[in-house]
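For the record, the sequence lines run as chains A and B.
Once you know that position 125 of the first sequence is 125 in our numbering, the rest is easy, because the numbers rise by one and skip nothing.
Once you know that position 625 of the second sequence is 625 in our numbering, the rest is easy, because the numbers rise by one and skip nothing.
Hint data in this document are derived by calculation from the structure and do not stem from the laboratory.
Hints may be right or wrong, so weigh each one.
[Claimed, not checked] Estimated spans, in silico, between C-beta atoms of each pair: (1) Ala68/A x Arg777/B: 37 to 45 Å; (2) Ala39/A x Arg777/B: 32 to 40 Å; (3) Arg227/A x Gly324/B: 42 to 50 Å; (4) Ala39/A x Gly312/B: 26 to 34 Å; (5) His222/A x Tyr390/B: 30 to 38 Å; (6) Arg777/B x His19/A: 45 to 53 Å; (7) Gly312/B x Ala68/A: 49 to 57 Å; (8) Gly125/A x Gln394/B: 46 to 54 Å.
[Stated by the list, open to error] For the chain A half of the interface with chain B, some residues (derived, Cβ under 10 Å), not all of them: (9) Asn49; (10) Leu62; (11) Tyr64; (12) Arg65; (13) His70; (14) Glu74; (15) Arg82; (16) Asp83; (17) Leu98; (18) Ala150; (19) Leu174.
Virtual Cβ for every residue (Gly too), placed ideally from N, Cα, C.
One-letter residues, chain by chain:
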Amino acid sequence: MLRAEAISKIYQMGEVEIHALRGVSLQLHSGELVVLLGASGSGKSTLLNIMGGLDTPSSGELYYRDHALHTANERELTRFRRDHVGFVFQFYNLIPSLTARENVAMVTDIARNPMAPEEALERVGLNNRMDHFPAQLSGGEQQRVAIARAIAKRPEILLCDEPTGALDSTTGGLVLEVLQTINQELGTTTAIITHNAVIAEMADRMIRLSDGSITEEQRNSHQRAARELHW
Amino acid sequence: MVSPHVTLLAKLLREVWHARAQLFAIAIVVSVGVMVLLIMTTARQSLVNAQQTFYDEHRFADVFVELTRAPQSLLTTVQELPGVAMAETRIRSAARIELDGFADPIQAQLVSLPEQQTQLLNTLHLRSGALPTNSRQVVVSEPFAQAHQLQLYDAITAILNGRRTELEIVGIAISPEFIYQIGPADIMPDYQRYGVFWLREDALAAALDMDGAFNSLLVKLEAQANRAHHTDKGTLQLRLDQLFERYGGRGSYTREEQISHRFLSEELKQLRTNSIFLPIVFLGTSAFLFNIFMQRQIHTQQQIIAIMKAFGYRPMVIFLHYLGYSSLVVLLGLVLGVILSRWLAATMVELYGTYFSFIELGVKLNWRSFAIAVVVTFAAGFIGTWRAIYQAVQVPPAQAMRPPSPANFQQSRINHFIAVMGFGQTWRIILRNLVRHPLRSTLSVLGIALAGGLLLFGSYQFQAISTMLDRNYRVEQQMDVIVHFTQVTDAHGLTSLAALSGVNYVEGMRSVPVRLHNGRQLYSTSITAFDSASQLRQLASVRSMPTTGLILTDHLADYLQLETGSNVTVEFIGERRLTRSVPLVATTNESIGVGAYMALGELNHILLESSVLSGAWLLIDDSHKEALYAELNKMPQVAGYSHIREAETKLRSYMDDTVLTAMSIIFVLAGSLTFAMVYNNARIALAERERELATLRVLGYSYGEVARLLFGELLLLVLIAIPLGWLCGFIFAAGMTELMSSELFRIPFVISRQLFGLSAFGVLTAALIAVIFMLRRLKHIDLVAALKSE
């Protein structure tokens, strides 16, 4: 579904060149749940940003089905994000002036074939918090709204950048459970990046990044349920 | 080791440099307020100084007496009166001047210079040449000489008492008595057709049969008497009046009634009004806006403040640090303001110099105003900084350093209302944001409204003045030419004028000099009398001319504290001298000059005369103008005439030069302020919303959709602010109209729809430009960085 070939990313920081990615190649297959594992600075966020059309690679090729993303312009990338990708961020990034329902509607308003905001919120277990503003929700609840927002457009790919990074273990587990359920029920290709190795246990596949390169790739024969994970 | 202060200073300077475009826009706001204050006070100060210097150095008299003829010996009597420091006699006379190559009649005021000793009072300031040494030499007033490009040793012809005299120009001078040099019946100077000429006393004495006699007296009061005002001066005036009554004295008058001084004082009074009112409005507005901007600007640094606090910096140090930030902006604003205002004030003063003849018009920055500007702007910066820092240091550093928790939106009636009104998400975000920060939204709206109000205010005078001139010259005074007779005449005078080629219509009129009294209030003017069925003269707001009683300009009636129906004491001071109590039957709201009017029959009845005229109004065929002038010049009964269109042109150019130049400056400043206001608003809104906007871009919102979110808010603010701005402008304009009313003119309060449109257009244009600037910035938001930051 998403195919990266020998992707490199070099940032020019003043006079210093930083090689965030050094020729990374990987594929995301339809419906699988992948965990990208790595320490901070390993290049995992850069990879996620490039896969999500937020950034472009310095070299290498990136394809979404048969669309080349590495040559896409700003407008085409916007289109790609709008139609095919759902994002979940570490810090939720909800619009504070909108209620949970409206935050989700923010996306369903512009999507081609969205589910109802209510349905999306129900899927993340927030049916009775729909009219609450972000400030009235706990961190875990806010992240679930963010997930509802990401899945409401029925994206082919769900990209999650440290979705549990700002949450305690119990709440984080709850959020991961939601992600796993979505992946299983809707068949959304899901990539979760994290530095927390425990989370890899729920994935179909684990990819470890270090210093801008893939150092390890491992398929889980036995996926654990998110609710069983503890850290 | 580097001292923390050096580090902080480096941080400060780098941040200032980083935000330079924005801070510059804020500095413009500061400089506009400073400029308005400095321009107005500096211009006024330089005129006041020039006036004071001229008066002091050339001993401008305090009391004046005009009379028919009195013996020189009376001078000693005058000198001995208590309170008199100096007195000087002289001979004055009206005359006509002829110049080669200039067909129009030239009215002249001839003034004698003492033969033996030097001049004591109202002494001349020679620009070139010397004082006359014989009776054929003359000193010419500078504006007249300039208008005709006269040089020393040029010859002019004076016609005095029917006798032509060739005179040689030996000097060109100005006098404190004629700083504003206008003919007796004019309100605007006409340097080509009116001039002042100084001759030796013997020259005038011989021509006017005034040997050993005088007809004009100047008195300088002892400093004490002058200071003690009314009582001493009043007593002296009374004595002078008694003394000269049998010599045809027309009543003594003080500087306040002296024509040049009066016009200059009126002008200074207006400048003073301007220099108080405009700066209050502008400096007030700019201080207010600066305060808001500084507060919001610093607010965007909240995280850095938290870090500084976490490092252990005390709130006071943080405050001082940011005070440096706002002080740099104030400094930049002040420097800009001082440089530009010096230049603009000089331009304004130069224009005044063409209407008022001073020895020298130096432009010195008014340091007191500068001090006010410094205090006000620094205080605004101080308060804005303090409030922002106060808010920032309230937040525990740990909390502030974490990515911001969602802004505290709660379910409320208004939020519910926004939800059920069926707005799209974009508008919900916009509306909820505005509602969530009611103070900030209100201040923004108020700021834009003030700027829009200033635009309206800066433009209304253009239209008001043209309306005023149109009314005066198209409706109230419809004659083409005004003729003054040498002596009063009867209706036959009109017949000979009507017979002239090019004259289409003639109407007679009479003008008599009077003093109007009401209790202590006194005003010298003349009553203009004409037929109540006049075709050429309408009195504004008087439907039909009453056949009895007196009509006054409302401004004059107010000055004299008179109401319609009450009686006015009218002292006739012309040929026939008598005092009558006449009822005030109506007031006219004419906007130019002040006057007293009466039906011709009524005036002649009071003066116990039958149909007597002192002049006429003509409608003429413009193609015969030159021929008509030539014929009028030949008529012995015609003392002078003036073309009303020329007067109109003069007044229009005076208005353009003075009031409208000042207003143009104000208009441009108001425009800059509007732009700076709207731009800063958009810029700060962008900084505050960067993260939210980036999130939306990541979610797949296009550039245009995100721009709509950002600018929808601006548009909404602007749309609310525009009508409010109209209200502000309306109030400013009304205040200005009230304060600007003077004897010379009262600007009518007219604000048309176009002006409202202009103000709205200005604000919207400023918004559009700001949006264009912002779009470029919006395009360059780093999506990834914006998501991680804060």
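Hints and how they fare:
1. Ala68/A x Arg777/B: 37 to 45 Å: Given a distance of about 30 Å, which is not inside 37 to 45 Å, the answer is violated.
2. Ala39/A x Arg777/B: 32 to 40 Å: 34 Å, holds
3. Arg227/A x Gly324/B: 42 to 50 Å: 55 Å, violated
4. Ala39/A x Gly312/B: 26 to 34 Å: Check passed, 31 Å falls within 26 to 34 Å.
5. His222/A x Tyr390/B: 30 to 38 Å: 58 Å, violated
6. Arg777/B x His19/A: 45 to 53 Å: 30 Å, violated
7. Gly312/B x Ala68/A: 49 to 57 Å: At roughly 53 Å between Cβ atoms, alanine 68/A and glycine 312/B fall inside 49 to 57 Å, so the hint holds.
8. Gly125/A x Gln394/B: 46 to 54 Å: Hint violated: Cβ distance 36 Å, outside 46 to 54 Å.
9. Asn49: Status holds, d = 5 Å.
10. Leu62: 16 Å, violated
11. Tyr64: 14 Å, violated
12. Arg65: 17 Å, violated
13. His70: Not OK, violated: histidine 70/A not within 10 Å of chain B, min 17 Å.
14. Glu74: 7 Å, holds
15. Arg82: 3 Å, holds
16. Asp83: Result: holds, 7 Å to nearest chain B Cβ.
17. Leu98: Holds - the Cβ of leucine 98/A comes within 10 Å of chain B, reaching about 6 Å at its closest.
18. Ala150: 8 Å, holds
19. Leu174: Violated: closest Cβ of chain B sits about 19 Å from leucine 174/A, beyond 10 Å.
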